[in-house]
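*Asks:* Hints are included, so try docking the two chains, each in its own frame, into the full complex.
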Amino acid sequence: MSIEIQGVHKAFGEQQVLRDVNLSLPGGELTALLGPSGCGKTTLLRILAGLEAPDAGEVRFGGEPIHDRTARERNVGLVFQHYALFRHLTVGENVAFPLRIRKRPKDEVAARVQELLGLVQLEGLARRYPHQLSGGQRQRVALARALATQPKVLLLDEPFGALDARVRQELRRWLRRLHDELHVTSVFVTHDQEEAFEVSDRVVLMNAGRIEQVGTPSQVFEEPASPFVMRFLGAVNVFRGRVDDGRAYVGDLEFSATATASGAGRAPAHVFVRPHELEVSLGAVPGSFAARVERVVTLGSAVRVELKAPPYGDRLEAELDPRRVQSLGLKAGDQVHLSPRRVRVFAGRDAELDSLTASNL
Amino acid sequence: MTVSGGPLLDAARTGEPLAGPPELAVAALAGDRGGGPRPRAASAPHLAFRRVTEDPPWVRRGLIALALLFLGAFLLVPAAAVLWEAVRGGADLWWKAVSEPDALSAIKLTLLVAAISVPLNTLFGVAAAWSLTRFRFRGQNLLLSLIDLPFGVSPVIAGMVTILLFGAQGIFGAWCQAHGVKIAFAVPGIVLATVFVTFPFVARELIPFMQQQGTEEEEAALVMGASGWQILTRVTLPNVRWSLFYGVILCNARAMGEFGAVSVVSGHIRGLTNTIPLHVEILYNEYAFRASFAVASLLFLLALVTLVVKKAMEWRQHAERVAASRSEA
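Protein chains in written order, with the working numbering: chain A, 1 to 361; chain B, 1 to 329.
FYI, nobody ran anything at the bench for these hints, they're computed from the structure. Some clues are possibly wrong.
[Stated by the list, open to error] A few chain B residues that don't get close to chain A, going by computed Cβ distances all over 10 angstroms:
1. Val77
2. Val82
3. Val98
4. Gln177
[Stated by the list, open to error] Estimated spans, in silico, between C-beta atoms of each pair:
5. Glu306/A <-> Arg134/B: 44 to 52 angstroms
6. Leu68/B <-> Arg104/A: 55 to 63 angstroms
7. Arg136/B <-> Glu93/A: 29 to 37 angstroms
8. Leu123/B <-> Asp68/A: 31 to 39 angstroms
9. Thr233/B <-> Arg104/A: 16 to 24 angstroms
10. Glu93/A <-> Gln211/B: 22 to 30 angstroms
11. Pro65/A <-> Thr233/B: 26 to 34 angstroms
12. Pro65/A <-> Arg136/B: 46 to 54 angstroms
13. Arg104/A <-> Ser131/B: 26 to 34 angstroms
14. Ser145/B <-> Gly13/A: 19 to 27 angstroms
[Stated by the list, open to error] Covered by chain B, per the in silico footprint, the following chain A stretches (three or more residues, Cβ under 8 angstroms):
15. 41–55
16. 69–77
Here the structure is a predicted model, which means the values were calculated and not measured. The beta-carbon is built from N, C-alpha and C at its ideal position, and this holds for glycine as well.
Bound-form chain B, shown alone (with noise of 0.2 angstroms):
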C-alpha cells in the first residue's frame, strides 16, 4: 500500500497530473486530508489511508498555527511596535535623536567594543574547537563546561567581577589606580564583560561541527606535506568558515546589545560609557520615549541586518554549488 500510494500522494499535492484514473486521485486526495469526512473513501476504501509516519491533520496544523501564533505575539508585534514608536514622530526627529552627540558616542562605542570583542573571541573560539577536537588531553570535559559558563551565569555577574576585580575596592585596583589604569567604569571594564559574556558563542557553534567533521581531513593534509599553519588556512578553515561565521554574527549581535554586564561596569557617563542599549535606557528613564524607540530601532536593524547577511551567505553557498555542477561536463 505504502508503495504504491507514496508517489501518488505526492503527485496530489504537488498538482501534478496524475497517470491514474481520476476517482483514484480523488480518493488519494481524501486519504491525504485524512481525518476528514472522505466521501469517495468508501468506494475505494483500500486507497484511503494516509502515510505510516504522518501525524493527523489537526495535529500538524495545531502545532503550526501555535508556532505562528507565537511567533506573532511574542516577535512580530513588539519589533513591529518598536519600529512604528520609532518613526511615528517622522523622519526627521528620528534622524535627530540618533544623530545627537551622545548617541553618536554611544554608538561609536558600541562598534568600538564589538570590533575588540568579536576578533578576541573569534580568535578564542578557533583555538579552543581546535584544542577540544583535534587533542585528547586531561580536563577537556571541564574546559567545555566551562566554556558554557558564560551561558549559565546571569550577565550582571560578569560586570560584577569586572568591578570586583579592577574597581576602587577591588583585588587590583590598587595597582591600577598607582599605574593610571582606567579599568572599571572605563572602556576596557565594558569590552572585558563583553568578551566574558560573549565568548562561548563560536566556540559553540564549531565545536559540534568539528567534531562531527572528523580528523581525517586534516591528517590526509598532513601526510601530503602540509605545515599546521598550511592545515588550518587550507583545510579546516575553509572547512568551518560558514558554523564560524555564524558564531561571528551571533557573537556580534550580542556584543552590541549586552545590557547587564555593561550596566554594571560602565558608569553610566554619558558620550564617554554609554552604549547603545545604555542610551536607551538613560532616554526611557527620561521620558523621552520617541528618542528612545529611535535608538532602539537602530539595534532592531542590527538584528535585520545579521538576519539578512547569514541568508544571504546561505544563498551564496548554494549558488556556487549549483554554478559548481552546471560548469561540469
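Next comes chain A alone, as it looks inside the complex (with noise of 0.2 angstroms):
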C-alpha cells in the first residue's frame, strides 16, 4: 500500500520536530527513513502508525486520508527498539494478542502462531518468556507480533539498535529476505547509514526535522543533494574554496563544478572529497598538492592515511587498498602528493555549512 505525506508539521512545545515534510512512498518496498539522532524520523514513524497527530499535513495510505483512523484502526504493524514484547505472556501468547483482541476462533489464532513462528524461525519457542531469549530472538518474536494481522504498512523504530554488531548483521539480511518474500510497505527508521543501504530500496534523508534527499542508496550516495548528505554518508574531506561560472577553485587547485553548485560569480564553496577518491603517489602529478602523512591506520579491508597539507587542511583522510599502501611504503612522516579523482561542489559559507550539520555528526 503506497504512503502518500504531504505538507506535515510538527512542534512539540517550542521545538519544531517537522516543517513540511513531504513524502511519497509506493507499495511494496522498504524505505529507510535515515538522519542523526533529533532530525525527526521517529515522530515521523510514529505520526504514521497513529500514535502523534501532526499539527498541519494529510497522510494517506493508499490514496486514503488517514487522519480520522485512530492508532488502532489503521492496522499497521509497529516494531519498538527494545522490541515492547509483553513480558508477562510467553512468546506465542504475544503473536496471539493481536489476534485475540481481534476475536478470531481459537483454531485458526493457533494455526496463524505456528505460521508465524515458522516465518521467523523461532517454532520451537512458543512455550518461553520474553526475558529467556536473546535480543534477537526477541525483535523477530516483535516482529512476527506485528506481522500476524497481516497488515498493509509495516514500521520498524530503530529495529536493531539494542542489538550486538554480529546480530544485527545477520537480522539486517534476514529482514531483507523476509521483506522480499511478503513485500509489504515498510518503512524503517535508522542512523546507521551501512543498515539503511544494505535494508531499503530507498532511503529518505533528514535533517532539523527537514527530508534533505530520497532516492535509492547509491543515488544518495553518488549524488548527495547537499552538504549535509555529503557528510552524513561517511566520511569527506572538506576544502575551502569558491565557485566562479561552472569552475570550482581551492587554492591553486580547480575543478569542474557541477550544477549542485548554484553560486555563480565567485561565490564561497565547499569542495567535497570522499577518503576513497583521494589518490595518493609519491611524486607530483597534474592537479595535485602536497601533503604529510601523519599516522596510518589499517581497518582490515583497508587503509586509512591521516594526512597534513597546509594550507588545504589539517586533518586529511585518504583510504586505500593496502597492497597501495604497501608498494608506496608508507609511513608516518613520508612527503606524498594528493589528488582528488572525484570531486563534488557546493556553494556556501562556513557557516551555513556548520547550521546544518549542527545535529552533531
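*Replies:* Right under this line is the structure:
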C-alpha cells in the first residue's frame, strides 16, 4: 500500500520537530528514514502509526486519508527498538495477542501463531517468556507479532539499535529476505547509514525536521543533494574554496563544478572529496598538492591514511587498498602528493555548512 | 590480580574444591579474611589481597551486628513480649478475650473499614499512577506531591478534618443533622479518616514502577488494535500486578492498624465504633492487660499474615519462571 505524506508539520511545545515534510512511498518497498538523532525521523514514523498527530498536513495510505483513523484502526505493524514484548506473556501468547484482541477463532489463532513463528524461525520457542530469549530472538518475536494481522504497512523504529554488531548484521540480511518474500510496504527508522543502505530499496535522508534527499542508496551516495547528505553518508574531506562560472577553485587547484553548485560569480563554496576518492602518489602529478603522512591506520580490508596538507587542510583522510599502501611503503612522516579523483562542489559559506551539520556530526 | 583472584575467592567462599595448589587456596582464604593476621601471606604476598570494592571485614561485621541488634531490640523483643503477654494466661483466656461481643464487634468493624477503604484506594492508586505516568498535564508535580500529603501529616489531623467537616459544628454538620446522616462519631467517619490516611500506599508503589516500565508495551498494544480497557486489563495490570499487590497489602495493614485518625472520629462507642486498635487501648486503660494483649496479638498476626502472603507471592512468581524455563525445549 502506498504512503503519501503532504505538508506535515509537528512541534512539541516550542520545538519544531517536523517542518513541511512531503514524501511519497510506492507500495511494496522497504524505505529507510535515515538521519542523526533528533532529526524527526521517529516522530514521522509515529505519525504514520497514529501514535502522534501532525499539527498540519495530511497522510494517506493507498490514496485514502487516515487522519480520522486512530492507531487501533490503521492496522499497521509496529516494531520498537526495545521490542516492547509483553513480558507476562509467552512468545506464543505475544504473537497471538493482536489476533485474540480481534476475537478470531481459537483454531485459527493457533494455526496462525505456528505459521508466524515458522516465518521468523522460532518454532520451538512458543512457550518461553521474553526474558528467556536473546535480543535477536526477541526482535523476531516482535516482528512476528507485528505481522500477525497481515498489516498493509509495517513500521520499524530502530529495530536493530539494541542488538550487538554481529546479530545486527544477521538480522538485517534476514529482514531483507523476509521483505522480499512478503513485499509488505515497510518503513524503518535508523541513524546507521550502513544499515539503511544494506536493507532498504529507498533512503529518505532527514535533518532538523526536513527531508534532505530521497533516492536509492546508490543515488544518495553518488549524487548527494546537499552538503549535509555528503557529510552524513560517511567520512569526507572538506576544502574551502570558491566557485565561478562552473569552475571551483581551492588554492591553486581547479575543478569542474556540477550544476549542484548554484553559486555564480565567485561565490564561496566547499569542495568535498571522499577518502577513497583521494589518490595518494609519491611524486607530483597534474592537479595534485603536497601533504605529509601523519598516521597510517589499518582497518582490515582498507587502510586509512591521515594527512596534513597546509594550507588545504590539517586533518585529511585517504582510504587506500592495503596492497597500494604496501607498494608505496607509506609510513608516518612521509611526503606524498594528493590528487582528488572526484569532487563534489556545494556553494555556501562556512556558517551555512555548520548550521547544516548542527545535529552533531 | 583481580581477574585471576576473583574466581579463587569465590571458590574459597563456597567451599568448592580448588584447582590450584593448596597453599594458594590458603593464601586466598587469608586474603579473604583481610585485616586479620595472615601467616601465609608472607610466603605468597602477591595473592594476599581483597577485592577492590570490598569493605574491610570489621566494617562488614560491625554493620551486620548493628542491624541485628537494632532489629532485636526494637522489633523482636517487643513482638515476643506482646505474644508472650497474650498467651501467658492460657489459650482459654485468650479465646475469651477475643471472642467477647465487644471484641467481635471491633473485629467486624475493622474488617468492614478495610473492606471499603482498601478497594477505594486501590482504584484511586491505579487511576493516579496511570494518569501521572501516562499523560503529561499541568499540575502533574503538584498532584504527585499531594499524594504524599497523608504521609506528611499526623493521622490525628485526618481525624480532626473529618470532625471539622462533618461534626455538629462542622461545615456540613448542619446539613448532615437535617438529613439524618451520621458521619462523625460513626462508621462513615471512620472510613473517611482511614481512606485519607491510607491513600498514598498503592499509588506510591505503582508510580515508580510504571515510570520505569515506560509506555512502549501499551503503545504496541494500541497499534495492535487493543482498546483502552483491554490495554489496562491485559497489559498494564498484569505487568504491575506484584507492585499493585504489595501496595494493597501495605494499604490493608495500615487500614486495619490505624489508630490516631480513627481515635479522633470514632467517639469510642463500645460495640459500635471501636476498631481493634481502639479496643486494645480501652482494655489497656481499664487495666485489663491480659485481654488487651490478647486482642493486640490479632493485629500482630495480621502483620505476620501480611509478611507470609507477600513472601508466598514472591516464591510463586519465582516458581512460575522456573517452571517456564523448564517446560521449554
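*Asks:* Lying within 26 to 34 angstroms: is that true of the beta-carbon distance Arg104/A to Ser131/B?
*Replies:* Once the Cβ atoms are compared, 33 angstroms apart, the range 26 to 34 angstroms for Ser131/B and Arg104/A holds.
*Asks:* If I claimed the Cβ atoms of Pro65/A and Arg136/B lie 46 to 54 angstroms apart, would that claim hold in this structure?
*Replies:* violated (28 angstroms)
*Asks:* Should the hint that Thr233/B and Arg104/A are 16 to 24 angstroms apart at their CB atoms be regarded as holding?
*Replies:* Roughly 19 angstroms apart at Cβ, these two residues keep to the hinted range, so it holds.
*Asks:* Using the Cβ atoms, figure out if Arg136/B sits within 29 to 37 angstroms of Glu93/A.
*Replies:* holds (31 angstroms)
*Asks:* If I claimed the Cβ atoms of Leu123/B and Asp68/A lie 31 to 39 angstroms apart, would that claim hold in this structure?
*Replies:* holds (33 angstroms)
*Asks:* Against chain A, does Val77/B keep a CB gap of more than 10 angstroms to every residue?
*Replies:* Its Cβ never comes within 10 angstroms of chain A, the nearest being 42 angstroms, so this holds.
*Asks:* That 55 to 63 angstroms hint for Leu68/B and Arg104/A (C-beta), does it hold up?
*Replies:* holds (58 angstroms)
*Asks:* So the hint says 44 to 52 angstroms: do the beta-carbon atoms of Glu306/A and Arg134/B match that?
*Replies:* holds (51 angstroms)
*Asks:* Does Val82/B sit more than 10 angstroms from chain A, CB to CB?
*Replies:* holds (40 angstroms)
*Asks:* Using the C-beta atoms of Glu93/A and Gln211/B, is the stated range 22 to 30 angstroms upheld?
*Replies:* holds (26 angstroms)
*Asks:* Closest CB-CB distance from Gln177/B to chain A, is it above 10 angstroms?
*Replies:* Fine: 51 angstroms to the nearest Cβ keeps Gln177/B off the interface.
*Asks:* In terms of Cβ atoms, is chain A entirely out of 10 angstroms range of Val98/B?
*Replies:* holds (41 angstroms)
Consistency note: the structure conflicts with earlier hint 12 alone.
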